[in-house]
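Engineer: For reference, the chains in residue letters:
Number of protein chains: 2
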Amino acid sequence: MAQRREESGIAMELVTGGAGFIGSHLVDALVKNGKKVRVLDNFSSGRKEFLAHHSDNPYVEIIEGDLLDPEVLSLVMEGIETVHHLAANPDIRLGTEVTDTDLKQGTVATYNILEAMRKSGVRNISFSSSSAIYGEAEIMPTPETYGPVKPISLYGASKLASEALITAWCGTFGFKAWIHRFANIVGPRGTHGVIFDFIHKLKNNPARLEVLGNGMQEKSYMSAEDCVKAMLHLIEEVDNNVNLYNLGTGDTCSVRRIAEIVVEESMLKDVSIEYTGGTRGWAGDVPKTSLDVEYLFSTGFVPEMQSEDAIRNTARALIEEIGL
Amino acid sequence: MAQRREESGIAMELVTGGAGFIGSHLVDALVKNGKKVRVLDNFSSGRKEFLAHHSDNPYVEIIEGDLLDPEVLSLVMEGIETVHHLAANPDIRLGTEVTDTDLKQGTVATYNILEAMRKSGVRNISFSSSSAIYGEAEIMPTPETYGPVKPISLYGASKLASEALITAWCGTFGFKAWIHRFANIVGPRGTHGVIFDFIHKLKNNPARLEVLGNGMQEKSYMSAEDCVKAMLHLIEEVDNNVNLYNLGTGDTCSVRRIAEIVVEESMLKDVSIEYTGGTRGWAGDVPKTSLDVEYLFSTGFVPEMQSEDAIRNTARALIEEIGL
Numbered sequence: 005m006a007q008r009r010e011e012s013g014i015a016m017e018l019v020t021g022g023a024g025f026i027g028s029h030l031v032d033a034l035v036k037n038g039k040k041v042r043v044l045d046n047f048s049s050g051r052k053e054f055l056a057h058h059s060d061n062p063y064v065e066i067i068e069g070d071l072l073d074p075e076v077l078s079l080v081m082e083g084i085e086t087v088h089h090l091a092a093n094p095d096i097r098l099g100t101e102v103t104d105t106d107l108k109q110g111t112v113a114t115y116n117i118l119e120a121m122r123k124s125g126v127r128n129i130s131f132s133s134s135s136a137i138y139g140e141a142e143i144m145p146t147p148e149t150y151g152p153v154k155p156i157s158l159y160g161a162s163k164l165a166s167e168a169l170i171t172a173w174c175g176t177f178g179f180k181a182w183i184h185r186f187a188n189i190v191g192p193r194g195t196h197g198v199i200f201d202f203i204h205k206l207k208n209n210p211a212r213l214e215v216l217g218n219g220m221q222e223k224s225y226m227s228a229e230d231c232v233k234a235m236l237h238l239i240e241e242v243d244n245n246v247n248l249y250n251l252g253t254g255d256t257c258s259v260r261r262i263a264e265i266v267v268e269e270s271m272l273k274d275v276s277i278e279y280t281g282g283t284r285g286w287a288g289d290v291p292k293t294s295l296d297v298e299y300l301f302s303t304g305f306v307p308e309m310q311s312e313d314a315i316r317n318t319a320r321a322l323i324e325e326i327g328l
Numbered sequence: 005m006a007q008r009r010e011e012s013g014i015a016m017e018l019v020t021g022g023a024g025f026i027g028s029h030l031v032d033a034l035v036k037n038g039k040k041v042r043v044l045d046n047f048s049s050g051r052k053e054f055l056a057h058h059s060d061n062p063y064v065e066i067i068e069g070d071l072l073d074p075e076v077l078s079l080v081m082e083g084i085e086t087v088h089h090l091a092a093n094p095d096i097r098l099g100t101e102v103t104d105t106d107l108k109q110g111t112v113a114t115y116n117i118l119e120a121m122r123k124s125g126v127r128n129i130s131f132s133s134s135s136a137i138y139g140e141a142e143i144m145p146t147p148e149t150y151g152p153v154k155p156i157s158l159y160g161a162s163k164l165a166s167e168a169l170i171t172a173w174c175g176t177f178g179f180k181a182w183i184h185r186f187a188n189i190v191g192p193r194g195t196h197g198v199i200f201d202f203i204h205k206l207k208n209n210p211a212r213l214e215v216l217g218n219g220m221q222e223k224s225y226m227s228a229e230d231c232v233k234a235m236l237h238l239i240e241e242v243d244n245n246v247n248l249y250n251l252g253t254g255d256t257c258s259v260r261r262i263a264e265i266v267v268e269e270s271m272l273k274d275v276s277i278e279y280t281g282g283t284r285g286w287a288g289d290v291p292k293t294s295l296d297v298e299y300l301f302s303t304g305f306v307p308e309m310q311s312e313d314a315i316r317n318t319a320r321a322l323i324e325e326i327g328l
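So the protein lines, in turn, are chains U and Z. Per the numbering used here, residue 5 is the first one in the first sequence, and the count goes up by one each step. Per the numbering used here, residue 5 is the first one in the second sequence, and the count goes up by one each step.
Honestly, the hints are just simulated from the structure, not real lab data. It is possible that part of the hints are untrue.
When chains are identical, the list treats them as one kind, so a pair holds in a single copy or across two.
[Unchecked claim] Once the Cα atoms are required to be at most 16 Å apart in a straight line, the calculated EDC-like pairs of lysine to aspartate or glutamate come out as:
#, residue 1, residue 2
1, K205, E325
2, K39, E222
3, K52, E325
4, K108, D243
5, K123, E101
6, K123, D104
7, K123, E229
8, K40, E85
9, K180, D243
10, K108, E119
11, K180, E240
12, K123, E75
13, K205, E298
Next up, chain U with everything else stripped away, as it sits in the complex (with noise of 0.2 Å):
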């Protein structure tokens, strides 16, 4: 555990997995309106660069510990008003070889930082749950009342069992939670997901794009920065027991218009974009995803970018991050 600095009596946001992609940018923002911000990640996806410009803020602490170690939970709720729960396997498709990764770094942690967080007497929580919860919904653009959700990867379940968990806690013990199911949030700083994955690929063979599946996948995406705007401008404006949102821009795009995009951002020149065929990439794989963002919306929130702008801006971050 590193750079903890306690000044008890001044409230402060704990973040989990805030060295990872979406968490770095909740830092930010959070940092951004004036918060104290605690981070606890163990760094098996995170890196410390995503928070090296806040190596001089004291206000923003990093402590390098597991949601599995129950000691390492108990220190850090103390003096916390929310906790922002993100940690997480972020990689979907591991679940297909892996079977207790999502279990444990899924579930059995989001059981872990409820109980740290009761015997603490810290109250308010703010999950990133994920529309891979819907499965193949058969209501399209699916709205946060359909049901029932059936998940079809490892990664879904254990996003829903996360929501189950809290939505009981704060039955039992009265908390108070604001669950927000994601889109595909891509943005820079991005560790996985498709334009990460496609940027890899052109970086190991500059003129050939394999694509997973016949291209046609379909899916909502939205920002990194969206994304934390809305999750805080949720637990800003909602107020009820269980705040449940879907969280997105109300569009969609294709895996095909993925491939494109990164490749006209890449610059390379003659990519032949080559697809493996089938209608999902993976064994748990949602060949189509679109959520219902109308209940977002009718809150006020209003995304700065469609999915088609996020996925550009990413590309061109991500290129520049990872070098082709």
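Here the structure of chain U is known, so what remains is to put chain Z in place on it, guided by the hints.
Structural biologist: Using the frame of chain U, we list chain Z on its own:
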């Protein structure tokens, strides 16, 4: 492990929690249908006497083992056609005091079952979920399509988490599942629940019956016999990838009325029924549940008993079992 008999090549049904309340009724029904049955139970709430009437039946194997022991799990999968996964902590209230029981005996146990199935090539699972997953639903009677589901008890959370794991194993590893969202199931051999509690209270004090809450809690009740019939009916009749149904009678009964019925069946005179007050019996108790069972009925299933009959029948049987 006791009484393990192997006859490879002949399909068998595995019932986890098969010595428990509903599990033992399911074993009875499977045996009646001419099936070979293997029971796995840790006898934490299940009882050997619930299966005593099968002790001479060579087609009923009883294995004492825990779902948290991976070694036992891989052994019991041999030759299994369908896993009927009923094992769980049966006491919803326990979650208010001990928070990891439902996580371990529910969510993690289901994960262990699914993994053992995957490794052994067993692909069919029938799972006892619960109306507790709906929490305090805003639509009643509540259909399977209701969302978002927000369980308020730790038990409900573990059932929803287990559903999610099961649909993920269907989506990722080609499993087939029947998920049964039970109303309150009552009947002979009940080991917990409101009727069981009332009889024990009357046994301790035949003059006074204390009812938790104001007695206005109102729920759907179904007889254990109808419940296991419905489960087997669905496995027989519906054949999607994931088959998810509410199981209940379509009517409800109040806790106040249950108290009256139990007192009537007790033959005790001048019992004073007293209410502790408040809309719920305990934190996490859902004051009113009413399941929409049209989807079940559309498959041709008709329960033999409505809620009040099931309750009266149960009161009579449990008074006989427990003694007054």
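Engineer: Now tell me, hint by hint, if it's right for this structure.
Structural biologist: Do the hints match the structure? See the list:
| no. | hint | in the structure |
| --- | --- | --- |
| 1 | K205 - E325 | within (15 Å within a copy, 68 Å between copies) |
| 2 | K39 - E222 | neither (37 Å within a copy, 46 Å between copies) |
| 3 | K52 - E325 | within (15 Å within a copy, 64 Å between copies) |
| 4 | K108 - D243 | neither (30 Å within a copy, 32 Å between copies) |
| 5 | K123 - E101 | between (35 Å within a copy, 13 Å between copies) |
| 6 | K123 - D104 | between (27 Å within a copy, 14 Å between copies) |
| 7 | K123 - E229 | neither (33 Å within a copy, 42 Å between copies) |
| 8 | K40 - E85 | within (10 Å within a copy, 56 Å between copies) |
| 9 | K180 - D243 | within (8 Å within a copy, 40 Å between copies) |
| 10 | K108 - E119 | both (15 Å within a copy, 14 Å between copies) |
| 11 | K180 - E240 | within (13 Å within a copy, 43 Å between copies) |
| 12 | K123 - E75 | within (12 Å within a copy, 34 Å between copies) |
| 13 | K205 - E298 | neither (36 Å within a copy, 51 Å between copies) |
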